[in-house]
Amino acid sequence: MQLGSDPLSELSIPDGTTVEEHDLVTDGDVVVGGQSTVEFGVRGRSVIADERVRFGGHIEAEGDCRLDMWCDVADNVLVGEDAYIGERVHIGGELRVAGDLDIGDDVDIEDGFEANGWIVIRNPMPTIVFLFVYLSQLLRIGEDEAAEEVLSEMLGDDEDGTEPLLIPRGASVSDDAWRVSTPAVVGDDCRLHGNIRAQSLEVGRDNIVFGSLRAREDIALGKGSEIKGDVTTRDGDVRIGPGVKVWGDISADTVALHENATIDGKIRASEEMRTHTEEVLDRPDEDAEAMAEMADELNGGQDDQSAAQGTADSDTTESDDERADGDDATAADDTDDERAAEAE
2 MQLGSDPLSE LSIPDGTTVE EHDLVTDGDV VVGGQSTVEF GVRGRSVIAD
52 ERVRFGGHIE AEGDCRLDMW CDVADNVLVG EDAYIGERVH IGGELRVAGD
102 LDIGDDVDIE DGFEANGWIV IRNPMPTIVF LFVYLSQLLR IGEDEAAEEV
152 LSEMLGDDED GTEPLLIPRG ASVSDDAWRV STPAVVGDDC RLHGNIRAQS
202 LEVGRDNIVF GSLRAREDIA LGKGSEIKGD VTTRDGDVRI GPGVKVWGDI
252 SADTVALHEN ATIDGKIRAS EEMRTHTEEV LDRPDEDAEA MAEMADELNG
302 GQDDQSAAQG TADSDTTESD DERADGDDAT AADDTDDERA AEAE
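Just so you know, the working numbering puts 87 at position 86 of the sequence shown, and the rest follows in order with no gaps.
It is worth saying that the hints were derived from the structure and are not from the lab. Worth double-checking, as some hints may not be accurate.
[As the list claims (entries may be wrong)] In the DSSO-like style, the derived pairs of lysine-lysine whose C-alpha atoms are separated by at most 30 Å in a straight line are:
| # | residue 1 | residue 2 |
| --- | --- | --- |
| 1 | 267 | 246 |
| 2 | 267 | 229 |
| 3 | 246 | 229 |
With the sequences and hints as input, model every part of the structure.
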């Protein structure tokens with residue numbers, strides 16, 4: 002992630018994200034912009050919420066949890082490491098923290114709290130302000146690389162390469178609909194409930210969406226994804242990849258449909274409708290990469306065997322040459338002995 006970029010400029014749903022019994026579950030971090038509503042419970046590595054975010058369920062964070070001022074959580078908050086709770090936060094259940102607890106004034110925790118580490122009662126600095134001040138100090142003293150590392154650790158990829166789940170400011174996420182005013186990007190192998198409404202939409206491979214897709218601009222559906230609803234864009238194009246199944250209608254200016262895709266409803270294209278045989282996403286195909294790696298390993302093994310065989314052949318040839326030279330020398334010696342005997 003580059004400095005100066007806005008990490009919450011889009012709804013970003015990483016690979017493998019699922020909705021399980023009203024819980025939003027991901028392997029990486031969860032970052033929620035201010036004044037958003039998440040009707041699900043949330044389970045992730047670390048959970049960071051800006052001011053005035055409302056959660057309709059519980060929060061389970063394997064790492065840290067930071068809730069800024071005026072956040073509201075309807076149920077329990079369980080934290081595997083440290084927790085930072087801003088002033089006037091409301092928690093409808095209990096708060097359990099395995100590490101340290103930094104808690105502000107006027108925090109309402111209905112069922113009490115427990116922390117195994119230090120408990121400090123003060124007003125923690127809001128996340129965005131803290132990050133801005135810290136990065137400003139690092140940049141001021143010329144530590145550009147350290148600032149990049151901090152930003153990547155807070156909002157970038159996790160150590161194992163897992164992308165964070167990013168929900169932009171003012172979003173609304175529920176079983177009924179995911180509504181954002183920004184572009185939305187869905188990873189691979191996700192299982193989501195609810196209609197998705199965004200500025201533009203890119204859905205990866207092998208996803209299942211129990212709802213419809215609607216965007217003002219373009220929509221792209223990757224290989225093998227299944228949409229159990231309509232796909233509609235107001236002023237853009239729809240591109241359908243191989244093996245995609247859409248249970249409802251498609252409406253767009255231009256529809257590019259892969260010849261192996263299946264559409265159960267009607268297709269309405271105000272300008273053009275065409276078929277194609279290509280992929281619609283520029284993302285690297287993990288299966289293709291894995292096959293390429295296996296092929297490289299096999300080729301590498303064959304090359305090693307060929308090199309070893311070549312070495313063995315060379316050794317054999319050298320041995321044969323040495324033997325031939327030895328035989329020639331012996332024959333020459335015998336001829337010289339015969340000539341000496343005749344001379345006597």
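Original post:
Going back to the hint list, which numbers does this structure go against?
Top reply: none
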